[in-house]
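Asks: Here are the chains, one letter per residue:
4 protein chains.
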Amino acid sequence: MRDEIIAPVKPRDACGVCGGFATGQDMAFLTCFALYALQHRGQESAGIAAGTGGGKKMWVKRGMGLVSEVFPDSAELKKIKCNLAIGHVRYSYGSEGRSPENTQPLRLRYRHGELATAHNGHLLNSRSLRLELEEGGAIFQTDTDSELLAHLVARQGSINLEEALAAVVPRLKGAYAFVVTDGRKVIGMRDGYGFRPLSLGKLDGGYFLSSETCAFDTIGAEFVRDVLPGEMVVLDEQGVRSLRVTGAEQESLCIFEYIYFARPDSNLQGKNVHLVRRELGRRLAREHPVKADIVSGVPDSSIAAASGFAEEARLPYEMSLVKNRYIGRTFIKPTQQMREEGVDLKLNAVQKIVEGKRVVLVDDSIVRGTTSLKLIRIMRRAGAKEVHLRISSPPVSGSCHYGIDIPNPVDLIANKHDLEEIRKMTCADSLGYLSMAETVAAVGLPSGNLCQACFTGDYPLRPEE
Amino acid sequence: MRDEIIAPVKPRDACGVCGGFATGQDMAFLTCFALYALQHRGQESAGIAAGTGGGKKMWVKRGMGLVSEVFPDSAELKKIKCNLAIGHVRYSYGSEGRSPENTQPLRLRYRHGELATAHNGHLLNSRSLRLELEEGGAIFQTDTDSELLAHLVARQGSINLEEALAAVVPRLKGAYAFVVTDGRKVIGMRDGYGFRPLSLGKLDGGYFLSSETCAFDTIGAEFVRDVLPGEMVVLDEQGVRSLRVTGAEQESLCIFEYIYFARPDSNLQGKNVHLVRRELGRRLAREHPVKADIVSGVPDSSIAAASGFAEEARLPYEMSLVKNRYIGRTFIKPTQQMREEGVDLKLNAVQKIVEGKRVVLVDDSIVRGTTSLKLIRIMRRAGAKEVHLRISSPPVSGSCHYGIDIPNPVDLIANKHDLEEIRKMTCADSLGYLSMAETVAAVGLPSGNLCQACFTGDYPLRPEE
Amino acid sequence: MRDEIIAPVKPRDACGVCGGFATGQDMAFLTCFALYALQHRGQESAGIAAGTGGGKKMWVKRGMGLVSEVFPDSAELKKIKCNLAIGHVRYSYGSEGRSPENTQPLRLRYRHGELATAHNGHLLNSRSLRLELEEGGAIFQTDTDSELLAHLVARQGSINLEEALAAVVPRLKGAYAFVVTDGRKVIGMRDGYGFRPLSLGKLDGGYFLSSETCAFDTIGAEFVRDVLPGEMVVLDEQGVRSLRVTGAEQESLCIFEYIYFARPDSNLQGKNVHLVRRELGRRLAREHPVKADIVSGVPDSSIAAASGFAEEARLPYEMSLVKNRYIGRTFIKPTQQMREEGVDLKLNAVQKIVEGKRVVLVDDSIVRGTTSLKLIRIMRRAGAKEVHLRISSPPVSGSCHYGIDIPNPVDLIANKHDLEEIRKMTCADSLGYLSMAETVAAVGLPSGNLCQACFTGDYPLRPEE
Amino acid sequence: MRDEIIAPVKPRDACGVCGGFATGQDMAFLTCFALYALQHRGQESAGIAAGTGGGKKMWVKRGMGLVSEVFPDSAELKKIKCNLAIGHVRYSYGSEGRSPENTQPLRLRYRHGELATAHNGHLLNSRSLRLELEEGGAIFQTDTDSELLAHLVARQGSINLEEALAAVVPRLKGAYAFVVTDGRKVIGMRDGYGFRPLSLGKLDGGYFLSSETCAFDTIGAEFVRDVLPGEMVVLDEQGVRSLRVTGAEQESLCIFEYIYFARPDSNLQGKNVHLVRRELGRRLAREHPVKADIVSGVPDSSIAAASGFAEEARLPYEMSLVKNRYIGRTFIKPTQQMREEGVDLKLNAVQKIVEGKRVVLVDDSIVRGTTSLKLIRIMRRAGAKEVHLRISSPPVSGSCHYGIDIPNPVDLIANKHDLEEIRKMTCADSLGYLSMAETVAAVGLPSGNLCQACFTGDYPLRPEE
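Those sequence lines, one after another, are chains A, B, C and D. Each residue of the first sequence is one higher than the last, beginning at 31 in our numbering. Each residue of the second sequence is one higher than the last, beginning at 31 in our numbering. Each residue of the third sequence is one higher than the last, beginning at 31 in our numbering. Each residue of the fourth sequence is one higher than the last, beginning at 31 in our numbering.
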């Protein structure tokens, strides 16, 4: 949803990473394909670094824009002779500015040759690590954790990237899924809590890492397994091997990946995202039933939950909202009057479906509340008799320290208002959020395995003071 | 679906038109909003002509690309003082080249001032009319029927645009929905058969015409009624008035508007497009039942039909295909091996849903057959046990003479192959097309009111020899 | 001088035309080369039309910008199989808007096939011809005289372009050099007064026409002769032939072509432009001698005149003004203070040359006077003791009706002020304009053969009332 | 000469730097003006860093292209509140790649805040310094000496930039003119040999540094003096102060600055570039006299030398070559036949001047010899009876280690061929190079003060082995 670049209304994932090593494959080309599959995780910049596997100078291209804008010509990528590559798509996150300098993979030279790094996540001790490095004379040209990691690696004596990372990684505190290469091997890592996802796939002639499994389908790879919390996975011409270089805590995968971020055809910890979403809808129907005529979801992310709701409630599922897919980056603002009347360029209600009906409208989350109000206005303008808002997750009341771009807590409607106030502010006839317990149950994993901090305020790992 | 510009796999509508007259409204701005709503009808070029209503020099901007590319800055449009405007989006069609010259609205000067014209459709006697005009010394700078119409109007003596059009329209043979302005009034017309849609809406201070009703919602207008076949509608400061200037035949609205072209939230002849599509699916389930586990539709156009099928068949509807919304214009081609394995950038199957299942896959039409084969390969790769292809319309076997871009008949799979051959070529386990009778019944209008020529070969109006 | 597009300070030629017919040559490619040579005559748009010579559909490309922007890839042009081509570069002129529609060559279809037209000049009776054509039902899509000519040709019955033009040309009143093709032959024409230049060159396998002879050198053609006033020259596979289709008056070639417009390496009526300019300088030195230390010219156009002045005055010629060649289209305005101090991005004085010197500054003309003031400020700031302004042409006091873009007479400094006033306004220590008689004598042609209307007010042909 | 980016035929200066500190001035805006004046020193990228003077976060913009392309909107620059700014234009040089990463000024964070650096020149010990830094764990993201300097500064303990630089500079070996800022002050430095120029000017409210004095005129600054070899100049709110932080050798300013690189209106070591060039021409005439009719220079760089030659030889100076100023970046190659005939898009000879004449053609240098051959062909095609080539400097036979981009010695014609061979290869009737002694004498400084290494092979400072 590209216009959200301009006006983000949903929490946003900060990045997607991928990369692999395979002999006899066009790795830069495959990595580009994988980035297309991960595009929903970041639409602000894209980049690829590729190497022969022999440690020579790497090929790097990165830029602002969609994958298709940074790599307009696929033929070019097939010409690059390479056995390894890593890729990255990103949103800017928090303190990281939106400048071209911050695009990734970051490529740099250090004493043992070249290094290219890409990451998803957010380090909690980056400030103190930076200060320490700066004391030692380091200079920083970007705001990225990738540059920080590169500095740490370069300060280790070892020419062996595994050894250098093994020495560095225990110093990192926070959420991260890194993919790093020195032009000889590709190394992936997940933090000890496993906040951010990273999976391993098998290619002809090698292996591939990706933030989400959907990229494996796109490049013809087979899913092998998720990288474990605290695990380091090394891909080179000998295949794949695993190292444990940092203490592993109880896995705390971000539950919002299931609720909203990940692509429906991805599996996380063995659970299919689409099926989880439908189960969220079913449980929502049981927890917050309502007399209604039809059930509708907000396209595209809430349609699965809405169809689960409909199934459970034995109500017809109807596509009462139609999305205009051509709006793009440009933002043409309606007049005040049009806005109040519920006119919207991006979404429109199907009058013949909605007219005179009691509608259950399912959305995956409420952040500021303005979008919900707009949607309900659209429904009422199209003639809906009643609109019952159902949210397939609990109220978002806290920020994320692990790599998700959630608005400042003061802007979160659930932070300042109770249920009835939110109902009134969104003009809904009734409002129901799925409880934390039911949300976790829908995922089907033990509660302790899922980070729920933005809902509960219970942060597995505290940021630095 | 922009990459279809490069490789069209579906029949394509040639154009969308709109325009209106309203005092006290930012008409150029509203027309731009309406074009966003009509963008699915043409993504190759866009344009707007606007005037004060006093007949002075008009403002015109047109160019290649999406509405958002041609009009990147909405603020600019609010600055144009105008009480009337017309707009146009288009694909190139048949003989009309893809050159910038052919963008519309076409603006020109004639003896009584300026004229701007925009149209959707295809004139059957354009060649003979052109020859006749050329004999009289006319010169043509574009391939558009809009220019032809302008020539005919200019050759009439009358300063009154209604009178001039009244004299000209009876000479036109073919399918058309025109929107024309001389800077004083906006005039809309539909051909006597009503092949192409055009509807009238009410704005504060005036009226608005649009190819589809969905544009009314976007600009805050109220639907009034469809323009009738053979009717001319004049919008000016006195409001709206209707003239009949050509003989009206039995209405023959293009049935493909219901099956594929029109936006789901539009109503044509009082029938909602989304609801018709669901009914097509229901009838398809009755006509071609099959033992299966789940039903899925090809996103986005066939989801309504698939959910109707599921409902009728009492099978679970599942979103087993996920669409990548970020592919854009660029075309990155997979390798031969990847292609054979069913790897696709644009669509992916959800393995956890499909695995081991007997799947009914619903699509709205088969043109060349290559897309169906690709989809079924994707399903099988994801583990589907059986894939039963169901098409919510009859086999397309003929071309269209009324403004739809259907591939050459020799490229239509149904033109050269029988049902069993097509089943084999698409690798489906079974194949069923909805019959013509059931398709018409799903729309809910008398068969005589719908043009079905591309299915039946029964053309209401023959092209010139 | 591209920034003059934004702020024209000199009279500007409206256009350059060229074109030819030669078998076995890449005519579109050669025409592009010729347009590069004519680029100084128009930098706002460029275009080429090319045909096989058999009358088939022509290839046309035109657009806003420099030749290098409209034709960025020369390889493309070599692929066009063509024996004939015409080309055009332009400024917008007077009533012709600056819109993309007005780019040339204009290509259009008429009863006998296609026609492409390009012109330099200005028709005086275009308004009445347009009205007459509009009465007959013609429509106009551009403001160009090229479109007008095409209409007139199309209304003639003859399939033979020569015949059609022969019938049409006598109706044209004004200044013009046309190059026209119907895809079978290329025809060039000059008006009966020969206001605008057009020359004929010989290529291997054919002939070529160009506004200026410098284009012949660029494409390897040999100069043959100037096209005569009132002459029509037809190029086709039989070679070249000449027709007289309109009355020829006494030749009145625009004298400003010698003074400023034409390229120094061009010859007009057998006179080399550079040598004429030097002679203008010599005569200026004789007519307005002054005690001084050095002579300098305003780059680039006045350097020839200045060196002639220096030679005659036996004073050293010095390049005291340096031009920045990288300013381009962008216009970065200095602050008020900088402006007053004589700071300028585009021109700078060489202090070591100018300091303490009495400088003769030679310029080719004064239009508004603001540039002269700026130049003299720059000289004084660099330490010049005295600055004597010498102009190598008479005071410009009237507008041009024959295709030159001279500012409105009310903006011409010489129209409202006498010599002493102009001297004061430009802060010159002394000021001298070359007299009309000496200007004509420097060209070396009889006075009656040169249009001097903008200096004398003596217009050979009056515009319509 | 922008197309030389694609096909460099002349030695090229690597960069231009500038920057200053002045209260109450729009420093970013003035720096942009100064960059326009220095554009001839580098046309590949441009950039500006600006700060308030209080050490806060700096504003930086840099990009590929001309100054006018990187800073298209001057209004933007006036909005930046800043008392200090530095600027840079560049060609890529030697090992520095042509990638966007290498644009300058480089901005980075270190322990004491931010640093922005820009330089002209070439460090000879960069490799060993890099290795040493890498040993200490440093990472490098660019190939620039600017990044190297920043690393060295960051490793010094001092918060005081002067102190840090004072400690660092003695370690640098090679040619450099640096401009550095920490957002509090602007510091300029020249290496101990003074290979590259840097001058100091006075602004209202402060001071300004620039590679060439021509930039002072453009921004309304007054020339104060050249920065001395080995001198460090500090500009801050207290004005300007000078430090000597490294040993000063005998000044060895690049003599090619006078011959070709610098702008004619610049003064280096008190000598005006234009006047030096004229003197080069005079001495060339004395050293290599020839019987001839006219003298011409290759525009634009050799016109001064040619006019000096003409003056001394008492021959008429004629502009026999006309340069097309509109060719730009695009490269449209003539056909083989056209090339052999001496057809050229960029330069044309004036036939009426050249025909039947014995021409002395003056150029500033010969590198590969191909350009000379082309020019002489053009002259002969225009009818020149004889062409005598005179070069206003000695034969270039060695590469430059101090920041000038001279082709590999194996490509230098004078490296492999003697005078007579070169004459034959360029088809000249006679050939004369100005001797080293006369070249130095024309500059008017002691020979020991000028680096002449590319002519003599006598390198003041040897590169690392």
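Check before you lean on any hint, since a few could be wrong.
If several chains are the same, the list does not tell them apart, and a pair holds so long as it fits within one copy or across any two.
Simulated crosslink set (BS3-like; lysine-lysine; CA at most 25 Å straight-line) [as the list claims (entries may be wrong)]:
#: 1; residue 1: Lys109; residue 2: Lys353
#: 2; residue 1: Lys446; residue 2: Lys404
#: 3; residue 1: Lys86; residue 2: Lys376
#: 4; residue 1: Lys376; residue 2: Lys108
#: 5; residue 1: Lys111; residue 2: Lys87
#: 6; residue 1: Lys376; residue 2: Lys415
#: 7; residue 1: Lys353; residue 2: Lys86
Hints in this document: simulated from the structure, not taken from any laboratory. Keep in mind it's a predicted model, so treat the numbers as computed, not measured.
Asks: Taking 25 Å as the upper bound on the Cα-Cα distance, should Lys376 and Lys415 be classified as within, between, both, or neither?
Replies: within (22 Å within a copy, 38 Å between copies)
Asks: My question is about Lys109 and Lys353: at a cut-off of 25 Å on alpha-carbon distance, are they close within one copy, between copies, both, or neither?
Replies: For Lys109 and Lys353, the Cα distance exceeds 25 Å both inside one copy (39 Å) and across copies (28 Å).
Asks: Check Lys446 against Lys404 for me: Cα-Cα at most 25 Å, and say if that holds within a copy, between copies, both or neither.
Replies: Within one copy only: 20 Å inside a chain, 51 Å across chains, cut-off 25 Å.
Asks: Please sort Lys376 with Lys108 into within, between, both or neither, judging by C-alpha distance up to 25 Å.
Replies: Intra 37 Å, inter 20 Å, cutoff 25 Å: inter-copy only.
Asks: Is it within a copy, between copies, both, or neither that the alpha carbon of Lys353 lies no farther than 25 Å from that of Lys86?
Replies: neither (48 Å within a copy, 38 Å between copies)
Asks: Taking 25 Å as the upper bound on the Cα-Cα distance, should Lys111 and Lys87 be classified as within, between, both, or neither?
Replies: within (12 Å within a copy, 41 Å between copies)
Asks: Up to 25 Å between alpha-carbons, please classify Lys86 paired with Lys376: within, between, both or neither.
Replies: neither (48 Å within a copy, 34 Å between copies)
In this structure, the earlier hints numbered 1, 3 and 7 are contradicted, and the remaining ones agree with it.
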